[in-house]
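Now that you have both chains on their own, put them together as the hints suggest.
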Amino acid sequence: MTDNSLISRREGWIAAWVDSNLIMMHAESSFYLNLTGSGGRIWELLESPRSVWDLCETLGREFDIEPDAARPEVLAFLDQLLLRKAIDVHLPVLA
Amino acid sequence: MTSLNNTLQYGPYVLCGWRVESAIPLPELMAWSEAQEWNAEGIIRIELQESFLDDTAAGLCANSEDGVSLRVKGVAGFRVNPGADRVIVQPEAGVDPLLLRGHLFGSVLAILCYRRGLFPLHGSCVLLNGEAVVFSGASGAGKSTLATALARRGHPLLCDDVCAIDLSNPRQPILRPAFPRVKLLPDAIDCFQLGAAATYSQAAQGMKGHFGMAAIQPMEAIQHPVPLAAIYALDTPAGDKVGRSLLRGKNAFVFLESQAHRGWMGRNLGLHNQLFGHIAMLASAVPVYRLDRTCALDRMDEVVCLVEAAHNAFACPPDWNYVRGPRNSREDAHYDRQQLN
Chain A
1 MTDNSLISRR
11 EGWIAAWVDS
21 NLIMMHAESS
31 FYLNLTGSGG
41 RIWELLESPR
51 SVWDLCETLG
61 REFDIEPDAA
71 RPEVLAFLDQ
81 LLLRKAIDVH
91 LPVLA
Chain B
96 MTSLNNTLQY
106 GPYVLCGWRV
116 ESAIPLPELM
126 AWSEAQEWNA
136 EGIIRIELQE
146 SFLDDTAAGL
156 CANSEDGVSL
166 RVKGVAGFRV
176 NPGADRVIVQ
186 PEAGVDPLLL
196 RGHLFGSVLA
206 ILCYRRGLFP
216 LHGSCVLLNG
226 EAVVFSGASG
236 AGKSTLATAL
246 ARRGHPLLCD
256 DVCAIDLSNP
266 RQPILRPAFP
276 RVKLLPDAID
286 CFQLGAAATY
296 SQAAQGMKGH
306 FGMAAIQPME
316 AIQHPVPLAA
326 IYALDTPAGD
336 KVGRSLLRGK
346 NAFVFLESQA
356 HRGWMGRNLG
366 LHNQLFGHIA
376 MLASAVPVYR
386 LDRTCALDRM
396 DEVVCLVEAA
406 HNAFACPPDW
416 NYVRGPRNSR
426 EDAHYDRQQL
436 N
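In order, the protein sequence lines correspond to chains A and B. Just so it is clear: in the first sequence, position 14 is 14 by the working numbering, and no numbers are missing. Just so it is clear: in the second sequence, position 65 is 160 by the working numbering, and no numbers are missing.
Bound conformation, chain B alone (with noise of 0.2 Å):
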C-alpha cells in the first residue's frame, strides 16, 4: 500500500466563508485572500489517512468519540471530527477524484452546516439585485440548469447543490457562498456550450455517475454573505404554463423539511430540535415559490425573465443570451440567424 501524502499542500481556499487547508487539490474552491479576514471564522482542514475505517464500516456513523463517518462504497470514507473543523479522507483504490469532490462538497459539506450550526438547503443559488435566490427541489428537478441559464445572463453563481444558510438572526437569513461551479449532465453543458469549462467524471458517457462540472465565466466571484431573499420550489416541469405562486405555512415548512440536504443525516446527528428550528425560522422569514414551468427547453428564456422581473435583476447586458453568452461574434451571429431560419 503506497502511503498518502498528508501535507496540507493545497489551499487556502475559501467555502461558505471558511479557510479550508487540504491535502488533496480543490480545483473548484476560490483562493483564501488575506483581505477576507471578515469571514474568518474557522479553519476546516482536509487530511488523508489510510485505514480509519473498517471494511464494515457503511453509511454514517453519527457520534462516535472521532466524530462522524461516512462511508461512500466504491468512493471513500470521510470523517468529521467533533470540533467539525478537520475532515479526514481514506480514499478507495483508483477513485475518481471528482467524484469524491462531490461527496466531500455534498453529503460532507452537509455534515460541516449541520454541525456548524448552519442550514444546508438542497438546492443551486445565483445573486439577484444584490440578494442571493435559491433553486431547490429533488434531483433532477433542474435546478442546476435554471440557475446556470440565470449565471449566463451574468448573474454570479454562489452556488451549487448545498446552500449554506446562516440563521443566526431569524429575521434575516444569509447565505454563505460556495464555489461558482455547476454540476450538470453532460446534455445540459453542451446545451450551454460550457464544454470547455468543464471537467467529466470517469464513469462512461450514458452511464449512471457521468457527469460534468462546469465553471461559469465570465463571472464575478461572490465570496461575502449574502441576504437570502426567496426560494423558489422546483418540481420536474410539466404542462404549458410559466408563473410563479407563493407557499405558505404548512406548505413551505413541508418543502423546506423534504430539500433539507441529507436532512436524514441531520437527525440521526441528533439535531432534530436544530434542524426544525431552522426550517421555522426560513419559512418564516423568507417566501418560498411554487415555480410553473414547461420543460421546452427553447421557454426557458420566459422562466429566466419571470424570475429577473420578480427580482428586479437586469443586471446583465441586453445583448446577453443564456445558452450563449454574450453575442459578440460573427459567429454568434450566423448562429442566431440560424436559429430565426
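Here chain A stands alone, though its shape is the one from the complex (with noise of 0.2 Å):
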C-alpha cells in the first residue's frame, strides 16, 4: 500500500454509531467490527474511494496533525480492514 494506492469500502459491510463506537458487521458473515477513536472516522470518509494520501490529508486537517505523522497510523488501521476483508486497495493509475 503506498500513498497512491485507491482505497475503497468492500460491499457486504453495514455500519453504525453507538455513541462513540462505529460497529460494523458484515452481513453473511455476521461478522462485527468495533471501531473507535479515528477509525470510524476513516471509515466515514471511504462513503466514496480515496487514496491514502487523502486520507492522511484529511484526518490531518481535523485532527490538526502533520499528514506525514498520520500516515503510519492510517496505513496500519487500513492494513487491519484489509485483513478482514472490509476493504479493497487498488493499485495507483499511472498518469
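FYI, nobody ran anything at the bench for these hints, they're computed from the structure. Just to be clear, a hint being listed does not mean it is correct.
Just a few of them, taken from the derived set where beta-carbon distance is under 10 Å, the chain B residues facing chain A [as the list claims (entries may be wrong)]:
no.	residue
1	Arg343
2	Gly344
3	Lys345
4	Phe348
5	Glu352
6	Arg362
7	Leu364
8	His367
9	Asn368
10	Ala375
11	Met376
12	Ala378
Some but not every residue of chain A turned toward chain B, in silico, with C-beta under 10 Å [said to hold, decoys possible]:
no.	residue
13	Ala27
14	Glu28
15	Tyr32
16	Asn34
17	Ser38
18	Ser48
19	Thr58
Straight-line alpha carbon distances no greater than 25 Å define the calculated SDA-like cross-link-like pairs of lysine to any residue that follow [what the hints assert, rightly or not]:
no.	chain 1	residue 1	chain 2	residue 2
20	B	Lys336	B	Arg385
21	B	Lys345	A	Leu78
22	B	Lys345	A	Arg10
23	A	Lys85	B	Arg385
24	A	Lys85	B	Gly344
25	B	Lys345	A	Ser38
26	A	Lys85	B	Arg362
27	B	Lys336	B	Cys286
28	A	Lys85	B	Gln369
29	B	Lys336	B	Val399
30	A	Lys85	B	Asn346
31	B	Lys345	A	Leu83
All of these numbers come straight from a predicted model, not from anything done at the bench. No residue lacks a Cβ here, since even glycine has one placed at the ideal position from N, Cα and C.
Right, here's the structure in full:
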C-alpha cells in the first residue's frame, strides 16, 4: 500500500454509531468490527474511494496534525481493515 | 385422524397492538376492545391445519413461498405466511396446550416481530413511572422473577419472554405490551404465592418442561404502547453487591445482540440489516445498565427498591410487599410476625 493506492469499502458491510463506537457488521457472515477514535472517521471518509494520502491530509486537517505524522497509523489501520476483508486496495493509476 | 375445527371462534384478543383471531383458545391474552382502534394496525389469524409439514421437517425453514415454517418436535409445526398476518398451527397428537402456547408466544411471536419490523428483545418488562423498563438476560438469569417482584409491588407487568420494541422513531423506542402473565418455575410461583393464579404444564414436577404460567393480580392491564426508558442486563446473581452500572457503546450493543429473541431466526430470515439497525438504534437511544445483585432472595427488596428509586417509581402503596401483595389481613400480620421471629 502506498500513498497513491486507492482505497474503497468492500460491499456487504453495514455500520452504525453507538456512542463513540462505530460498529460494523458483515451481513452474510455476521462478523462484527468495533472501530474507535479516528477509525470510525476513516470508514466514514471511505464512503467514496480515496487515496491513502487523501485520507492522511483530511485526518491531518481534522485532528490538527501533519499528514506525514498521520500516515503510519492510517496505514496500520487500513492493513487491519484489509485483513478483515472490509476494504479493497487498488493500484495507483499511472498518469 | 380427527379433523381439526378451524373456525376462528376464540378472541378477538390483543397482542402487541394486533388484533388476534384464533382457532385455539389463548387464555393468556387480553380481550380486544373495539375502543382500541388506536392501534388497529393489523389482524393476525391463528388457524389449525393438519399435515402441512411433512415428517422430515425440522427446525426453521425460512422464506419458502408459503412463508416461514417452524417445527418443534413433540409440540407442533407452525407456519407464518409471507404477509405475517396468518399463523397456521399443526399440533402433534396429545400436545400440552400450555406448551404449545409457550412456543406460540415465544418463537412464533418473535418471527411475527421480525417480519413486521419490530425488534423482539428477550426479557421481561414492567411499567415504572409511566415508562417501560426491561429486564433482559439469558434463560435462568432471573428476569421473570424480578419482574414479578416489581409487579407484586403494583407496577404493571407488560410482557414476559418476548418484548416487542417498535423503533420506527429511532430516538424514542416504544414497547408494545403483550400480556400480563409470567412464566415461572413452580418454586418461584410458590415463593410469590401465585399458585391460585397459575396454570401448570403437563410435564411431571421436577422434570424439564415443568413450568407455570401465572397471572399477576391485582393488576391494571396495560395495552397501549409505552416509551421504553431503560434496559437492565441480568447475569446470574452472584456476590453480595446490589447496584447498577451503565454499559456504553460496544458493550451495550454486544449485550443487546446476544439477547435478540431467537436472533438466529432473524438472520435466517435474511433480516441481518434490520436486526443490526435495530440493535444499534436501541443501544443509542435507551440506556442499558448492568444490574448487580445477590442471589439471596431475602435481599430482593434491595434490588426492587434500587430499580424503583432509579425510575422515581413509587406507585405502589407503602404497605405492599413483593412476595405477599397487599398486607391487609390478620393472616398476613401473623405471617409478618413469623418472619420477624
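The hints, checked one at a time:
{"no.": "1", "hint": "Arg343", "result": "holds, 5 Å"}
{"no.": "2", "hint": "Gly344", "result": "holds, 4 Å"}
{"no.": "3", "hint": "Lys345", "result": "holds, 5 Å"}
{"no.": "4", "hint": "Phe348", "result": "holds, 5 Å"}
{"no.": "5", "hint": "Glu352", "result": "holds, 8 Å"}
{"no.": "6", "hint": "Arg362", "result": "holds, 6 Å"}
{"no.": "7", "hint": "Leu364", "result": "violated, 13 Å"}
{"no.": "8", "hint": "His367", "result": "holds, 4 Å"}
{"no.": "9", "hint": "Asn368", "result": "holds, 6 Å"}
{"no.": "10", "hint": "Ala375", "result": "holds, 3 Å"}
{"no.": "11", "hint": "Met376", "result": "holds, 8 Å"}
{"no.": "12", "hint": "Ala378", "result": "holds, 4 Å"}
{"no.": "13", "hint": "Ala27", "result": "holds, 4 Å"}
{"no.": "14", "hint": "Glu28", "result": "holds, 8 Å"}
{"no.": "15", "hint": "Tyr32", "result": "holds, 8 Å"}
{"no.": "16", "hint": "Asn34", "result": "holds, 5 Å"}
{"no.": "17", "hint": "Ser38", "result": "violated, 16 Å"}
{"no.": "18", "hint": "Ser48", "result": "violated, 21 Å"}
{"no.": "19", "hint": "Thr58", "result": "violated, 24 Å"}
{"no.": "20", "hint": "B/Lys336 / B/Arg385", "result": "holds, 12 Å"}
{"no.": "21", "hint": "B/Lys345 / A/Leu78", "result": "holds, 21 Å"}
{"no.": "22", "hint": "B/Lys345 / A/Arg10", "result": "holds, 22 Å"}
{"no.": "23", "hint": "A/Lys85 / B/Arg385", "result": "violated, 33 Å"}
{"no.": "24", "hint": "A/Lys85 / B/Gly344", "result": "holds, 23 Å"}
{"no.": "25", "hint": "B/Lys345 / A/Ser38", "result": "holds, 16 Å"}
{"no.": "26", "hint": "A/Lys85 / B/Arg362", "result": "holds, 21 Å"}
{"no.": "27", "hint": "B/Lys336 / B/Cys286", "result": "holds, 23 Å"}
{"no.": "28", "hint": "A/Lys85 / B/Gln369", "result": "holds, 22 Å"}
{"no.": "29", "hint": "B/Lys336 / B/Val399", "result": "holds, 14 Å"}
{"no.": "30", "hint": "A/Lys85 / B/Asn346", "result": "holds, 24 Å"}
{"no.": "31", "hint": "B/Lys345 / A/Leu83", "result": "holds, 21 Å"}
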